[in-house]
Amino acid sequence: MIPVYTRPKSLTDVVSHYCPGCTHGIAHRLVAETIDELGIQGRTVGVASVGCSVFAYNYFDVDFQQAAHGRAPAVATGIKRVRPDAIVFTYQGDGDLASIGMAEIVHAAARGENITVIFINNAIYGMTGGQMAPTTLVGQKTTTSPFGRDPRNQGYPVKISELLATVKGAYYVARFSLHDPANIQRAKQGIKKAFQYQMEGKGFSLVELLSTCSTNWGMTPLNALKWLEENMVPEYPLGEFKTGEVS
Amino acid sequence: MERRVRFNEDHCKSCELCVSVCPKKIIKIRTGLNRLGYHPAYVPDEDQEKCISCALCARMCPDAVIEVWRP
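Protein chains in written order, with the working numbering: chain S, 1 to 247; chain C, 1001 to 1071.
It is worth saying that the hints were derived from the structure and are not from the lab. Even for Gly, the Cβ is constructed at its ideal location relative to N, Cα and C. All clues given are correct.
Stretch-level coverage of chain C by chain S, calculated; a stretch enters the list once three of its residues show a Cβ under 8 Å from a Cβ in chain S:
no. : region
1   : 1003-1016
2   : 1055-1069
Here are some of the chain C residues that sit facing chain S, going by a computed Cβ distance under 8 Å:
no. : residue
3   : 1020
4   : 1021
5   : 1036
6   : 1038
Just need the whole structure built from these sequences, with the hints factored in.
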């Protein structure tokens, strides 16, 4: 028999703590596949954020550092500058990157740091119990917006990819979704590009992945994927927002 | 018989995303529990021949439970 798909070697052989059907697992797998394919497992350093993905260091079989809440891009900056030969990536959720970590991510992009950021956007705070996040959709019910997000009180969702695409220092900014196999393949190609650009020394790259949180959305994993496709994809258009320019 | 789809059933959390994407609809859920307390997904031995090795299930699985092989 010829292998078509086998478990990525850059994933450790442990059961993750993620809920059943959580797309964090898919994102982990795509990053691990990319590390395998590029043959960089030995020199990759990941930076974990705060949130559900804080335990990423248990799941990736590469060097890892845990950063304070939102500060993963700053920590990654330090690692990359001290070890320019290392491939450095951060793995951050929206509560981490788009909220408390907004300053760090914007300035890391503005400085054109040669790092890769994997940004998981599930429109909610997952680990802390489903509170409203900066990325929560207008009208979306969360534990802190029980009648739906009202822009008059809580403002509008922050669109990180569009925002960072306006920053001159950013080299590659793209958004993908993880709701079906075709989109997962596109996401994989985007993640691979982001890592390759870093290896070529092009500069800052960010890949935003639209994800589900079936537990805090109060849905089955399958319904959560449908909700993502029907509600989040129209609000957060997919595509590559920026490739190139910085020199 | 060599299996085309192999599930690491002890890691399965029964989210059923693999069931939803299988074009041949041969992935089933066990009535018994695995050590995590979930009903793991599997492909019955008699249906292994029907598998076209497209690996959509493996690409959808959040827990990297599934490995796919082709003859």
